[in-house]
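A.B. asks: Residues per chain are reported as follows:
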Amino acid sequence: MATSDKLSETLADRPDRLSALSHRSPLTGDDGLLMREATHLGKLVLRLAETEAETLKIKALEGAGLPTQPCRSSVSHTGTVSVLWLGPDEWMVVSQAGTEEALQTRLHSELSGRHFQLSNVTDYYTCIDIAGHQNREILMNLSTLDMHNRTFSAGQIKGSIFGHANAYVWQLHTEPGASEIFRLIIRSSMADYLWCLVSRSARLFGMPEDTPISGEKLVI
Amino acid sequence: MFVIDCPWCGERDMSEFSCGGEAHIARPEGSEQMNDEEWAQFVFIRKNSKGRYAERWNHAAGCRRWFNLLRNTATDQILAVYKMGDAEPNVSTEEPVTPSGEAPIGSGNDAVKLMKPGEAL
Ligand SMILES: [Zn+2]
Chain P
1 MATSDKLSET
11 LADRPDRLSA
21 LSHRSPLTGD
31 DGLLMREATH
41 LGKLVLRLAE
51 TEAETLKIKA
61 LEGAGLPTQP
71 CRSSVSHTGT
81 VSVLWLGPDE
91 WMVVSQAGTE
101 EALQTRLHSE
111 LSGRHFQLSN
121 VTDYYTCIDI
131 AGHQNREILM
141 NLSTLDMHNR
151 TFSAGQIKGS
161 IFGHANAYVW
171 QLHTEPGASE
181 IFRLIIRSSM
191 ADYLWCLVSR
201 SARLFGMPED
211 TPISGEKLVI
Chain A
1 MFVIDCPWCG
11 ERDMSEFSCG
21 GEAHIARPEG
31 SEQMNDEEWA
41 QFVFIRKNSK
51 GRYAERWNHA
61 AGCRRWFNLL
71 RNTATDQILA
81 VYKMGDAEPN
91 VSTEEPVTPS
101 GEAPIGSGND
111 AVKLMKPGEA
121 L
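Protein chains in written order, with my numbering: chain P, 1 to 220; chain A, 1 to 121.
So that you can see chain P by itself, here it is in the shape it has in the complex (with noise of 0.2 Å):
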């Protein structure tokens, strides 16, 4: 049967697969400063009843558990996986990419019986890091949340709006004295828009102007 053949070859295996922002090369400037998206990351919407997750121990999460306090997340001791609090009921599991349809089939046997729900959501979102000197101003331009490192705080997820766009903005864990790295988490469709309006914030910010690979020109 070539037809289901076709669907079982996942995603991860085809050289042809592109990333919502493949036509945007990375951008870099004075003191670290970077902007880049990350490509193809595992990402994993599970739905849960809150009472459930306090408790629940999940092996697939490699030890990271479900955070229950809010815009709150963790990570596994292998420090591939981490898990978002979007909701109360509503986690979103990061890891590696081409590793997120090994992960859901795990989840879904470990979680079996229970009453839950585990989407694919891969493909449609996509992420933005920005790392270096300044990225807090450079995200404080474009969105009313306190960014100060005050109330925001490494392994923090929050979301809000950026210009247009909704998105998350999660701090990713690093090592202490490493410098601070900021994800956005966007859907697929408004990349390219948070994309060219993150460039434009960091400009002010000693960043280059973008060059496109294709030769597009920004649209703000």
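Note that these hints are calculated values from the structure, not bench results.
Be careful, since some hints might not be right.
Chain A residues, not near chain P, derived (Cβ > 10 Å throughout) [unchecked claim]: (1) SER15; (2) ALA26; (3) GLU37; (4) ARG64; (5) ARG65; (6) ALA80; (7) TYR82; (8) GLY85.
Computed spacing ranges between beta-carbons, pair by pair [what the hints assert, rightly or not]: (9) A:ASP86 - P:ALA154: 31 to 37 Å; (10) A:VAL81 - P:PRO26: 40 to 46 Å; (11) P:SER109 - A:GLU95: 57 to 63 Å.
Straight-line C-alpha distance at most 25 Å; calculated SDA-like pairs for lysine to any residue [said to hold, decoys possible]: (12) A:LYS50 - A:GLU88; (13) P:LYS59 - P:GLU90; (14) A:LYS83 - P:THR55; (15) A:LYS83 - P:GLN69; (16) P:LYS59 - P:HIS133; (17) A:LYS47 - A:GLY10; (18) A:LYS83 - P:THR151; (19) A:LYS83 - P:THR99; (20) A:LYS83 - P:ARG72; (21) P:LYS59 - P:THR99; (22) A:LYS50 - A:SER18; (23) A:LYS83 - P:GLN117; (24) A:LYS83 - P:ASP146; (25) A:LYS83 - P:LYS59; (26) A:LYS83 - A:GLU38; (27) A:LYS50 - A:TRP8; (28) A:LYS83 - P:SER112; (29) A:LYS83 - P:GLU54; (30) A:LYS83 - P:MET92; (31) A:LYS83 - P:VAL45; (32) A:LYS83 - P:GLN134; (33) P:LYS57 - A:LYS50; (34) A:LYS83 - P:HIS108; (35) P:LYS57 - P:HIS23; (36) A:LYS83 - P:GLN156; (37) A:LYS83 - P:PRO70; (38) P:LYS59 - P:ARG114; (39) P:LYS57 - P:THR174; (40) A:LYS83 - P:GLY87.
Each residue gets a CB set at the ideal place from its N, CA and C atoms; glycine is no exception.
Add chain A with the ligand to chain P, keeping to what the hints say.
C.D. replies: Same frame as chain P, but now just chain A with the ligand:
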């Protein structure tokens, strides 16, 4: 503009939220027996009071959860935020004080001012 204290996410700008109208309106029992007037009461007729008003709000850009919010519509003072299913808290607020029940100035924006009788414009 005002800041809303989401029961989960904490204080966020109101642009992240959307308002879902008056709270505590339960769908009537036996709706298959209802006539048009009773349907209109349920679907369209709202208190729309000036002053204390219980509303449903959704944190649309954040956690996407619904909750209730008690607001003074004349001043935009937020009196209470409470979860769906909880009873309306008993909080008092300064109601509009003119004889007609209308504040002569102000309609819920930042520049609003409640006038007291005898107070000069
Ligand atoms: Zn919220």
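A.B. asks: Would you mind marking each hint as holding or not holding in the structure?
C.D. replies: Evaluated hints:
SER15 (chain A), annotated as away from the interface, has a beta carbon of chain P within 10 Å; the closest lies near 6 Å. Non-interface status of ALA26 (chain A) relative to chain P is upheld: no Cβ of that chain comes within 10 Å, the nearest being about 23 Å off. The claim that GLU37 (chain A) lies off the interface holds: its Cβ sits roughly 39 Å from the closest Cβ of chain P, which is beyond the 10 Å cut-off. At roughly 6 Å, the least C-beta separation between ARG64 (chain A) and chain P is not larger than 10 Å, which violates its mark as non-interface.
In this structure ARG65 (chain A) is not separated from chain P by more than 10 Å, as the shortest Cβ-Cβ distance comes to only about 6 Å. Against chain P, the non-interface label of ALA80 (chain A) holds: every CB pair exceeds 10 Å, the least being about 19 Å. No Cβ of chain P approaches the Cβ of TYR82 (chain A) within 10 Å, the least distance being about 15 Å, so the stated non-interface status holds. The beta carbon of GLY85 (chain A) sits about 13 Å from the closest Cβ of chain P, which is more than 10 Å, so the claim that it is off the interface holds.
Checked against the given bound of 31 to 37 Å, the beta carbons of ASP86 (chain A) and ALA154 (chain P), roughly 34 Å apart, stay inside it. Checking the proposed 40 to 46 Å range against VAL81 (chain A) and PRO26 (chain P) shows it holds: the Cβ atoms sit about 42 Å from each other. Under the hint 57 to 63 Å, the C-beta atoms of SER109 (chain P) and GLU95 (chain A), about 59 Å apart, fit the expected range. Of the supplied pair hints, the one linking LYS50 (chain A) and GLU88 (chain A) holds, its CA atoms being roughly 17 Å apart against a limit of 25 Å.
Proposed proximity of LYS59 (chain P) and GLU90 (chain P) is supported: the alpha carbons are some 18 Å apart, at most 25 Å. The hinted pair formed by LYS83 (chain A) and THR55 (chain P) meets the criterion: a straight-line CA distance of about 23 Å does not exceed 25 Å. Under the criterion of a C-alpha separation no larger than 25 Å, the hint pairing LYS83 (chain A) with GLN69 (chain P) is consistent with the structure, at around 16 Å. The straight-line distance between the Cα atoms of LYS59 (chain P) and HIS133 (chain P) is roughly 37 Å, outside the 25 Å bound, and the hint therefore fails.
A distance of roughly 28 Å separates the Cα atoms of LYS47 (chain A) and GLY10 (chain A); the hinted pair therefore is violated under the 25 Å criterion. With a C-alpha separation of about 24 Å, the suggested pairing of LYS83 (chain A) with THR151 (chain P) holds against the 25 Å cut-off. About 38 Å separates the Cα atoms of LYS83 (chain A) and THR99 (chain P), which puts this hinted pair outside 25 Å; it is violated. A distance of roughly 21 Å separates the Cα atoms of LYS83 (chain A) and ARG72 (chain P); the hinted pair therefore holds under the 25 Å criterion.
Distance hint between LYS59 (chain P) and THR99 (chain P) is fulfilled; the C-alpha atoms sit about 15 Å from each other, no more than 25 Å. For a cut-off of 25 Å, the pair hint linking LYS50 (chain A) to SER18 (chain A) stands: about 19 Å separates their Cα positions. The hinted pair formed by LYS83 (chain A) and GLN117 (chain P) meets the criterion: a straight-line CA distance of about 23 Å does not exceed 25 Å. For the given pair, LYS83 (chain A) sits about 24 Å from ASP146 (chain P) by alpha-carbon distance, which is consistent with the 25 Å threshold.
Note on LYS83 (chain A) and LYS59 (chain P): the hinted pairing is violated, with a Cα-Cα distance of about 33 Å set against a maximum of 25 Å. For the hint pairing LYS83 (chain A) with GLU38 (chain A), the CA-to-CA distance comes to about 28 Å; that exceeds 25 Å, so the pair is violated. In summary, the hint linking LYS50 (chain A) to TRP8 (chain A) is not supported, as the alpha carbons are separated by about 28 Å, beyond the 25 Å threshold. Restraint check: the Cα-Cα separation between LYS83 (chain A) and SER112 (chain P) comes to about 30 Å, which exceeds 25 Å; the hinted pair is violated.
The hinted pair formed by LYS83 (chain A) and GLU54 (chain P) meets the criterion: a straight-line CA distance of about 20 Å does not exceed 25 Å. Proximity of LYS83 (chain A) to MET92 (chain P) is assessed by CA-CA distance (about 23 Å); at most 25 Å being required, the pair is judged to hold. Between LYS83 (chain A) and VAL45 (chain P) the alpha-carbon distance is near 24 Å, which keeps this suggested pair within the 25 Å criterion. Between LYS83 (chain A) and GLN134 (chain P) the CA atoms are separated by roughly 37 Å; this puts the pair beyond 25 Å, and the hint is violated.
A distance of roughly 50 Å separates the Cα atoms of LYS57 (chain P) and LYS50 (chain A); the hinted pair therefore is violated under the 25 Å criterion. Taking the CA atoms of LYS83 (chain A) and HIS108 (chain P), the gap is about 31 Å. The hint is violated against a cut of 25 Å. This hinted pair does not check out: LYS57 (chain P) and HIS23 (chain P) have alpha carbons roughly 40 Å apart, beyond 25 Å. As the CA atoms of LYS83 (chain A) and GLN156 (chain P) are separated by approximately 23 Å, the hinted pair is consistent with the 25 Å bound.
A hinted pair counts as satisfied when its Cα atoms are at most 25 Å apart, and LYS83 (chain A) with PRO70 (chain P) qualifies at roughly 15 Å. A C-alpha spacing of about 15 Å is found between LYS59 (chain P) and ARG114 (chain P), which places the hinted pair at or below 25 Å, so the restraint holds. Between LYS57 (chain P) and THR174 (chain P), the direct Cα distance comes to roughly 24 Å. Compliance with the 25 Å bound is thereby established for this hinted pair. The hinted pair formed by LYS83 (chain A) and GLY87 (chain P) meets the criterion: a straight-line CA distance of about 14 Å does not exceed 25 Å.
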